[in-house]
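Peer 1: Sequence:
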Amino acid sequence: MSKVEGLAEIVLWVADMESALEFYRDRFGLELMSPPELPNKFLMVAKPGGRVDRRSYDELENGFIEAGIEVRHGVHPVLKGVRTFYVDDPDGNEVEVIGPA
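Once you know that position 13 of the sequence shown is 13 in the working numbering, the rest is easy, because the numbers rise by one and skip nothing.
Don't take every hint at face value.
To be verified - Straight-line Cα separation of at most 20 Å, SDA-like style, residue types lysine to any residue; simulated pairs:
| id | residue 1 | residue 2 |
| --- | --- | --- |
| 1 | K41 | G92 |
| 2 | K41 | E9 |
| 3 | K80 | V52 |
| 4 | K41 | D58 |
| 5 | K80 | D53 |
| 6 | K80 | A67 |
| 7 | K41 | S19 |
| 8 | K80 | V97 |
| 9 | K41 | A20 |
| 10 | K41 | K80 |
| 11 | K41 | A8 |
| 12 | K80 | P90 |
| 13 | K41 | D53 |
| 14 | K41 | W13 |
Claimed, not checked - Here are the in silico distance ranges between beta carbons for each label pair:
| id | residue 1 | residue 2 | range |
| --- | --- | --- | --- |
| 15 | G68 | P35 | 11 to 21 Å |
| 16 | H76 | P36 | 33 to 43 Å |
| 17 | N62 | N93 | 18 to 28 Å |
| 18 | N62 | S2 | 39 to 49 Å |
| 19 | G74 | P36 | 36 to 46 Å |
| 20 | L12 | A67 | 11 to 21 Å |
| 21 | G29 | V82 | 13 to 23 Å |
| 22 | M1 | E70 | 34 to 44 Å |
| 23 | G63 | S2 | 20 to 30 Å |
| 24 | V82 | P36 | 35 to 45 Å |
| 25 | R54 | E94 | 16 to 26 Å |
| 26 | P36 | K80 | 13 to 23 Å |
| 27 | I69 | M1 | 34 to 44 Å |
The hints are simulated quantities; they were obtained by calculation from the structure and are not laboratory data. Every residue, glycine too, gets a C-beta built ideally from N, C-alpha and C.
Take these sequences, add in the hints, and give me the full structure.
Peer 2: Written as C-alpha cells, this is what we have:
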C-alpha cells in the first residue's frame, strides 16, 4: 500500500465566509490565494517548513485574548518541548497552535 506524504488541501464548510476570512486570514495571517470573483476561498495554510516561532506564538495568543476569544491551553499528547493553545473558529472547529516551549 502506498504511503500518503502530505495533503494538498482540506475543505471547511462555513456558515459565514466573512467571519471565516477574518479568523483565518486576518488573525492567522494566512494568504488568500483565490481570485475575488470566486465564491469559494482558498487560503495558503503552510509552506514547506512552516512553523510558529516563539514571538509569533505569543503575539497570536495575545491577539486572541485581546479579541475576547477563548484560549485553552494543554499539554501535547505526543510532541515534547512545545507549548500549545487551542481556539475555536467561528463555526466551532478547534484549531491547535503549536510553538516552541
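Peer 1: With reference to the structure, classify each hint as holding or not holding.
Peer 2: Evaluated hints:
1. Between the alpha carbons of K41 and G92 the distance comes to roughly 18 Å, so the proposed pair stays at or under 20 Å and holds.
2. Restraint check: the Cα-Cα separation between K41 and E9 comes to about 12 Å, which is no more than 20 Å; the hinted pair holds.
3. The hinted pair formed by K80 and V52 meets the criterion: a straight-line CA distance of about 15 Å does not exceed 20 Å.
4. Distance restraint check for K41 and D58: the Cα-Cα separation of roughly 27 Å exceeds the 20 Å cut-off, and the hinted pair is therefore not satisfied.
5. Restraint check for K80 and D53: satisfied, since their Cα atoms lie roughly 16 Å apart, inside the 20 Å limit.
6. The suggested pairing of K80 with A67 is violated, with an alpha-carbon distance near 29 Å, which exceeds 20 Å.
7. With a C-alpha separation of about 12 Å, the suggested pair K41 and S19 falls inside the 20 Å cut-off, and the hint holds.
8. Between the alpha carbons of K80 and V97 the distance comes to roughly 14 Å, so the proposed pair stays at or under 20 Å and holds.
9. Only pairs whose Cα atoms come within 20 Å are accepted, and K41 paired with A20 is accepted, the gap being roughly 10 Å.
10. Between K41 and K80 the alpha-carbon distance is near 34 Å, which puts this suggested pair outside the 20 Å criterion.
11. This hinted pair checks out: K41 and A8 have alpha carbons roughly 15 Å apart, not beyond 20 Å.
12. For the hint pairing K80 with P90, the CA-to-CA distance comes to about 29 Å; that exceeds 20 Å, so the pair is violated.
13. Distance hint between K41 and D53 is unfulfilled; the C-alpha atoms sit about 26 Å from each other, more than 20 Å.
14. Straight-line distance between C-alpha atoms of K41 and W13 comes to about 11 Å, which keeps the hinted pair within the 20 Å bound.
15. A C-beta distance of roughly 33 Å is found between G68 and P35, which places it outside the suggested range of 11 to 21 Å.
16. Distance hint check for H76 and P36: the Cβ-Cβ separation is about 38 Å, which falls inside the suggested range of 33 to 43 Å.
17. Taken as a hint, the range 18 to 28 Å holds for the pair N62 and N93, whose Cβ atoms sit roughly 22 Å apart.
18. Checked against the hint of 39 to 49 Å, the C-beta distance between N62 and S2 comes to roughly 43 Å, which is consistent with it.
19. Distance hint for G74 and P36: a CB-CB separation of about 38 Å, consistent with the stated range 36 to 46 Å.
20. The given range of 11 to 21 Å is respected by L12 and A67, whose C-beta atoms sit roughly 20 Å from each other.
21. Between G29 and V82 the Cβ separation comes to about 20 Å, which falls inside the hinted range of 13 to 23 Å.
22. In this structure, M1 and E70 meet the distance hint of 34 to 44 Å, their C-beta atoms being roughly 41 Å apart.
23. Distance hint check for G63 and S2: the Cβ-Cβ separation is about 40 Å, which falls outside the suggested range of 20 to 30 Å.
24. In this structure, V82 and P36 meet the distance hint of 35 to 45 Å, their C-beta atoms being roughly 37 Å apart.
25. At about 23 Å, the CB distance of R54 to E94 agrees with the hint of 16 to 26 Å.
26. Between P36 and K80 the CB atoms are about 43 Å apart, so this pair departs from the stated range of 13 to 23 Å.
27. Checked against the hint of 34 to 44 Å, the C-beta distance between I69 and M1 comes to roughly 41 Å, which is consistent with it.
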